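2 protein chains.
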Amino acid sequence: MKFYDCHVAPNPRRARMFLAEKGIELEKIEIDILGGENLGDDFLAINPRGLLPVLELDDGTRIDEVMAICRYFEELQPEPAMFGRDLREKAIITSRQRKMEFDGMISSSEVFRNQNEQFCKRSIPGGGKDDIPAIPALIDRGQQTLDRFFWWLESYLEEGPYLAGEYFTMVDITAICAVDFAAWSDIHIPEANIRTKSWYEIISARPSAEA
Amino acid sequence: MKFYDCHVAPNPRRARMFLAEKGIELEKIEIDILGGENLGDDFLAINPRGLLPVLELDDGTRIDEVMAICRYFEELQPEPAMFGRDLREKAIITSRQRKMEFDGMISSSEVFRNQNEQFCKRSIPGGGKDDIPAIPALIDRGQQTLDRFFWWLESYLEEGPYLAGEYFTMVDITAICAVDFAAWSDIHIPEANIRTKSWYEIISARPSAEA
Chain A
1 MKFYDCHVAP NPRRARMFLA EKGIELEKIE IDILGGENLG DDFLAINPRG LLPVLELDDG
61 TRIDEVMAIC RYFEELQPEP AMFGRDLREK AIITSRQRKM EFDGMISSSE VFRNQNEQFC
121 KRSIPGGGKD DIPAIPALID RGQQTLDRFF WWLESYLEEG PYLAGEYFTM VDITAICAVD
181 FAAWSDIHIP EANIRTKSWY EIISARPSAE A
Chain B
1 MKFYDCHVAP NPRRARMFLA EKGIELEKIE IDILGGENLG DDFLAINPRG LLPVLELDDG
61 TRIDEVMAIC RYFEELQPEP AMFGRDLREK AIITSRQRKM EFDGMISSSE VFRNQNEQFC
121 KRSIPGGGKD DIPAIPALID RGQQTLDRFF WWLESYLEEG PYLAGEYFTM VDITAICAVD
181 FAAWSDIHIP EANIRTKSWY EIISARPSAE A
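For the record, the sequence lines run as chains A and B. Take 1 as the starting number for the first sequence in the working numbering and just add one per residue. Take 1 as the starting number for the second sequence in the working numbering and just add one per residue.
There could be a bad hint or two in this list.
Under the rule of at most 16 angstroms between Cα atoms (straight-line distance), these lysine to aspartate or glutamate pairs were calculated in the EDC-like manner [stated by the list, open to error]: (1) B/LYS90 x A/GLU56; (2) A/LYS28 x A/GLU56; (3) B/LYS28 x B/GLU75; (4) B/LYS22 x B/GLU79; (5) B/LYS90 x A/GLU74; (6) B/LYS90 x A/GLU75; (7) B/LYS197 x B/ASP180; (8) A/LYS28 x A/ASP5; (9) B/LYS90 x B/GLU75.
Covered stretches of chain B (in silico footprint by chain A; criterion: 3 or more residues with CB under 8 angstroms from a CB of chain A, positions within the stretch not fixed) [to be verified]: (10) 83-94; (11) 136-143.
Everything labelled a hint here was simulated from the structure, so no lab data went into it. It should be emphasised that the depicted structure is a prediction, and the values quoted were computed from it without experimental measurement. Yeah, the Cβ is synthetic: ideal placement off N, Cα and C, and Gly gets one too.
Here chain A stands alone, though its shape is the one from the complex (with noise of 0.2 angstroms):
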């Protein structure tokens, strides 16, 4: 197998930890996102959206989407267990797991997305070459979005001290991500929020952190 990786993005920063927790090493292809290598002609050939990561099994089949490729070795290698235990466990883990996804990555793409000049014609993640423009609009968005993001990452402290309860999951792995994606707009964990500023500075201590 090989994984087409990015080490300063972070979408695949979420399966490295991912691996990382599962001790699996891999095949590793840095493609330069800085530098335009992921929507060069190679790299498009090998996943047309320009996205990272991609994995690549032995067949040849590749897999785009972190989920995807986090839920295959999950199925391959079952423990530790990031998507849970038990049909409750896996159901909470699954809906925060989107909640950390929705409200906490992609909003901190839109707000850093549209207001970098950089990606000012590539609004929207996986365009590829396609003339998106960038939408301003979408960062105070993304910001009021990030507000629920922080809200919810407080909100499931209260009730243990993982985001989804007594041991690390996907959720953390998602969340962590986030919130550093986040501070790249300068937007940080409120100063009131003691229990995610705690939780933050346990995740950020692992090893798989700098995965």
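Starting from the known structure of chain A, arrange chain B on it as the hints suggest.
Coordinates of chain B only, in the frame set by chain A:
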């Protein structure tokens, strides 16, 4: 178990189609979105996002997010398989389902919500009572992304009769719900996309499409 539903809304329809394909019947509680019941205090106590569907388990746990609900039932009753039968199929289905969701459902939602007067202060789903104003530029961006969605459909159907190959899956469910949602904004399958038009007729004729 109880299923909080809304007959006119596209996301609950995805769950209803899925349940119908599995032959699972649940107690359903209809919430009147058009009358604003989803943003009333009673329903916000059930789901603070004001979104449908919500599954309530017998122990009182509430699961929102349609994909969390569908995956719950996929594990509870694996046949007929809607998310794939082996690791490779599952990865392809998860990946394609997400494209149908992002490029199809979400784009349809953005086009609809940002040009419809009733939603002019509710640009983003799940904002509950938050005041997130409409962003007209999202109508154009959504239309461009729907072009890409229709391109995916036609490409996938070059490989087999259904969107993930030889049998009907969650990818087909999300896709047909997105096609019908786009039609609310008078956006339709391009005439040249002959495979997609034929697929649409076949999927629409399944009994689950009326669920």
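Hint check:
1. B/LYS90 x A/GLU56: Given pair B/LYS90, A/GLU56 holds - Cα atoms ~15 angstroms apart, limit 16 angstroms.
2. A/LYS28 x A/GLU56: 10 angstroms, holds
3. B/LYS28 x B/GLU75: 21 angstroms, violated
4. B/LYS22 x B/GLU79: 7 angstroms, holds
5. B/LYS90 x A/GLU74: Distance ~12 angstroms between B/LYS90 and A/GLU74 Cα, so the pair holds.
6. B/LYS90 x A/GLU75: 10 angstroms, holds
7. B/LYS197 x B/ASP180: 12 angstroms, holds
8. A/LYS28 x A/ASP5: 6 angstroms, holds
9. B/LYS90 x B/GLU75: 13 angstroms, holds
10. 83-94: Coverage by chain A holds here, the residue count being 6 at a Cβ distance below 8 angstroms.
11. 136-143: holds (count 3)
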